[in-house]
Amino acid sequence: MTATASSAAALALGDDALVLSHRLGEWAGHAPVLEEEVALANIALDLLGQARVLLSLVGDEDELAYLREERAFRNVQLVEQPNGDFAHTIARQLYFSTYQRMLYGRLATAGDGGGELTGLAAKAVKEVAYHQDHAEQWTLRLGDGTAESHERMQRACTALWRFTGELFQPVAGLDVDWQELESDWLASVTGVLERATLTVPDGPRSGAWAAGAGRQGLHTESFGRMLAEMQHLHRSHPGASW
Amino acid sequence: MTAVTADTQEAYEAVFDAAVAADERIEPRDWMPDAYRATLVRQIAQHAHSEIIGMQPEANWITRAPSLRRKAILMAKVQDEAGHGLYLYSAAETLGTSRDELLDKLHTGRQKYSSIFNYPTLTWADVGAIGWLVDGAAITNQVPLCRCSYGPYARAMVRICKEESFHQRQGYESLLALSRGTPEQHAMAQDAVNRWWWPSLMMFGPPDDESSHSAQSMAWKIKRHSNDELRQRFVDICVPQAETLGLTLPDPDLRWNEERGHYDFGPIDWTEFWDVLKGNGPCNEQRITQRRRAHEEGAWVREAAAAYAAKHGEATA
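Residue numbers (the numbering used here), protein chains in the order written: chain A, 1 to 242; chain B, 1001 to 1317.
Taking beta-carbon pairs under 8 angstroms as the criterion, some of the chain B residues facing chain A (in silico): (1) 1067; (2) 1082; (3) 1182; (4) 1290; (5) 1294; (6) 1302; (7) 1307.
Calculated cross-link-like contacts (lysine-lysine; reagent style DSS-like; alpha-carbon spacing at most 30 angstroms): (8) B/1221 <-> B/1162; (9) B/1162 <-> A/126; (10) B/1221 <-> B/1112; (11) B/1112 <-> B/1278; (12) A/123 <-> B/1162; (13) B/1112 <-> B/1162.
Derived Cβ-Cβ restraints for the label pairs, each shown as a range: (14) A/84 <-> B/1009: 54 to 64 angstroms; (15) A/59 <-> B/1257: 47 to 57 angstroms; (16) A/158 <-> B/1292: 28 to 38 angstroms; (17) A/147 <-> B/1313: 13 to 23 angstroms; (18) A/119 <-> B/1279: 47 to 57 angstroms; (19) A/72 <-> B/1253: 45 to 55 angstroms; (20) A/158 <-> B/1293: 22 to 32 angstroms; (21) B/1216 <-> A/119: 56 to 66 angstroms; (22) A/147 <-> B/1292: 21 to 31 angstroms; (23) A/84 <-> B/1314: 25 to 35 angstroms.
Derived by calculation from the structure, the hints in this document are not laboratory data.
Heads up, the beta-carbon is just placed ideally off N, CA and C, and yes, glycines get one too.
With the sequences and hints as input, model every part of the structure.
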């Protein structure tokens, strides 16, 4: 594996973790129950920790996080989607942490195939297993809870479905069987949605316009606003340390 | 249940008084005077509410934290606060109330939270100033509570104080980085300290001669020191720390008093204190509205969890 390919992979996975962590951080003080204040912050912190390790493999973590423009970010569009209601946050988390758990699980056991990422993946897979479990438990409760929660969860799962195809666009430098990853992911998510009495969405999981878009720096409109908030203070004090 | 006669009531009181006098811990199943129970519920609930409302001014900066390291520290801190709230609600529940009941009292304004959280966080430096001053004042207040006569509260405070001390050091370190940074960063730190110093001194409560609960709480060993004693202790700790930070404290009357062995300091604006306490501070309305909204908008989630538990035969929380 070349250094460039490895950097590209670390940047892609690092951006995923950084951006989702930021979105979860927006929940602080707004969660539906105190236990979820703790859980969402906990997941956000795990992801931020992963992002810091991954970005540091590429360069200076703060330069990469705070001084890149929107078009230079390589995260998938799924993680940048606004929080919406609790069901949207949980659906996004279910889709993403199932992917992350399966991907890290493969990288952790890939030996040289994962390159520098093997060590990170081995540590992070324990964290993302917890995240997946949390999302799965909430998917069951919201899907199979009340009529209102069922409807909200169904709406969220359907709305985010079209961002899930991008997860399986091959990332340069990662020696992974992407097709197998995708079918495993589909089987797992389908199983959870069915147990939650939800209908598995039947819409497209990506259009030609969206295929691999985030990984190429093509993002959705809300992402620029998210970055403006995240980067504002850092950019206002060039060269300062904190 | 048999009625408690005057004789047995006196006997219970004697056992309780002797336990308090001997510095023994009162535990949930022990007999305790109704007023002792009510005082503890009020104090522990207010403490729990303060942790929960106190998440807001700091969470205000999570999405704007200027480095990933500071962002991680701040997220961990806000998460700890939610955890402290949970410990404290559990401690209050040992006295025969429930978290739902206490949250309802918070949301309807029947129970208070620390007035310090009604001040806004206007710059990043405020996060550091809160860590240093607000957490510092909280620790000065709370360390003696680790020896409080009520066991569950005292044990919660041991855990909480450890984490608070950690946050306080991080806040101090964050301010130090600003103070030693660019001129703009230094000015930002000084401005934050100017705005947070007096409200922090108010955290110790009204002066001793106006503090309605103090004497009884001290007799019951819920409190160990008076408001003014703790406030003085805090000032004495902060002055040298401010010097090390390279920041000044906004009080022209602050000077060492050789005779007392303490720092003298200027008069506190008690009008402002009572005003904020009555709900007229800069953020009272905003803080309680956000808390209520989170609770109301989360109702369908809590209902879903309860409905799922009922269907699947789980115990609800």
